[in-house]
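Here's the letter readout for the chains.
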Amino acid sequence: MTQDHSHPQPLSDIEIRVKALESLLIEKGYVDPQTLDALIDTYENKIGPKNGAKVVAKAWKDPAYKAWLLDDATAAIASLGFTGRQGEHMVVVENTPAVHNLVVCTLCSCYPWPVLGIPPVWYKSPAFRAKAVIDPKGVMADFGHRLPEGVAIRVWDSTAELRYLVLPLAPHDANALSIEHLEGMVTRDAMIGVAV
Amino acid sequence: MNTAHDMGGMQGFGAIEETASDSPLFHAEWEQRVLALTLAMGATGSWNIDQSRAARENMHPAVYLNSSYFEIWFSGLQKLMLERGLVTPQEIATGRAVVPPLPLQRKLLAVDVASALAKGSPTTRPTPSPARFKVGDSVRVKMINPIQHTRVPRYIRGHAGHISAVRGGHVFADANAQTLSAPAMEEAQWLYTVRFDANELWGADTTASEVYVDCWESYFE
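Chains as they are written, first to last, in my numbering: chain R, 1 to 196; chain S, 197 to 417.
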């Protein structure tokens, strides 16, 4: 851990307790500090929503891939190299002009890590977990989004080990755009369904 | 257990905060260390994921709601290690080892982090009997209130829905949470995605059209 000794600040109670536990577990040989650093580095720098954007952009460009993705998301996503922890069993749900999808875990924070990384703070918050299954339009309003009248909202509550990813509506000119350009248009929030 | 973690449909939490797309994933460095410690200790095989969820849920509801997400993780991690004798209360208080370490099944090395994460822990398993239900079947969730870990949220109990997908045999989370030694004798059950009409769950007071929930077979009447 790095610390700026030029501006010493007293550690908070939780900081002291976490440091104490980390040094205890290292002293007992249960964990290696290098392992902890590698885990943090992985989810800070290597695995995040850019992976999911690659999946979505490819589905927007390639009808055969999209069909595979909707039929067997785990295999289709693995073909791009995204596998593993908290994405062992993937399901992709497709937005259409008539149906919008939104994903939540009301019981905790289940989230498709290999394609989206670790969840944002709001995804784990009581406000989101409580509201999503009863008032998904209210959730979207909190994010500044409003669906057109008549669009149905399906909410997916991740209560088991299936992990859900929303396939947002493709832009109208997707065929004319490069896949790299499309990847840049895909947002994390749209792949969760709090945005369009 | 009907504790504070089962939040679907609760009201009064107000607007969702930190919604900006560039909001940080962590509020402080200690949160990253808690995440890493939890993943590294989880990888030792000393408990399974359902036991770790149960440990986080078994907090007094007032404490749960008053704790940040990673404070809950930190509490759960300590509880799991104390239960198994991996650490003692005195060691936690002082941060220094007093009793010798217990042997672990595995230890995650830095060099193996990428491959271990990429491999994951699939939960699909063979099931002893064929699926009771098929896509389109009507089902009703049992009215149950177990005092132990369950993945059937309160807001669907007693309600009727339809099978939307049959997902194969999966390790049954409720049973998997109940054994202290891992790997447990795993019980696999058919897992289904169930489609509930939102009005069935909430009456007219909802903006959802349908809510889909993953349910193991024994949750149904």
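Just so you know, these hints were derived from the structure itself, not from any lab. Ideal Cβ placement from N, Cα and C applies to all residues, glycine included. There may be inaccurate statements among the hints.
What the hints assert, rightly or not - For lysine to any residue, the following SDA-like pairs were computed, each having C-alpha atoms within a straight-line distance of at most 25 angstroms:
(1) Lys28(R) / Glu383(S)
(2) Lys137(R) / Ala289(S)
(3) Lys338(S) / Glu383(S)
(4) Lys315(S) / Ala20(R)
Said to hold, decoys possible - According to the in silico footprint, chain S covers these stretches of chain R (three or more CB under 8 angstroms from chain S):
(5) 18-28
(6) 81-91
(7) 149-161
(8) 168-177
Hints, verified against the model:
1. Lys28(R) / Glu383(S): violated (33 angstroms)
2. Lys137(R) / Ala289(S): violated (46 angstroms)
3. Lys338(S) / Glu383(S): Holds, at roughly 19 angstroms.
4. Lys315(S) / Ala20(R): Cα-Cα ~31 angstroms, so violated.
5. 18-28: Per the Cβ count (10), the hint holds.
6. 81-91: The restraint on the region 81-91 of chain R holds, since 8 of its residues have a Cβ under 8 angstroms from chain S and three suffice.
7. 149-161: holds (count 10)
8. 168-177: That given contact is violated, which follows from only 0 residues of the region 168-177 of chain R lying within Cβ reach (below 8 angstroms) of chain S.
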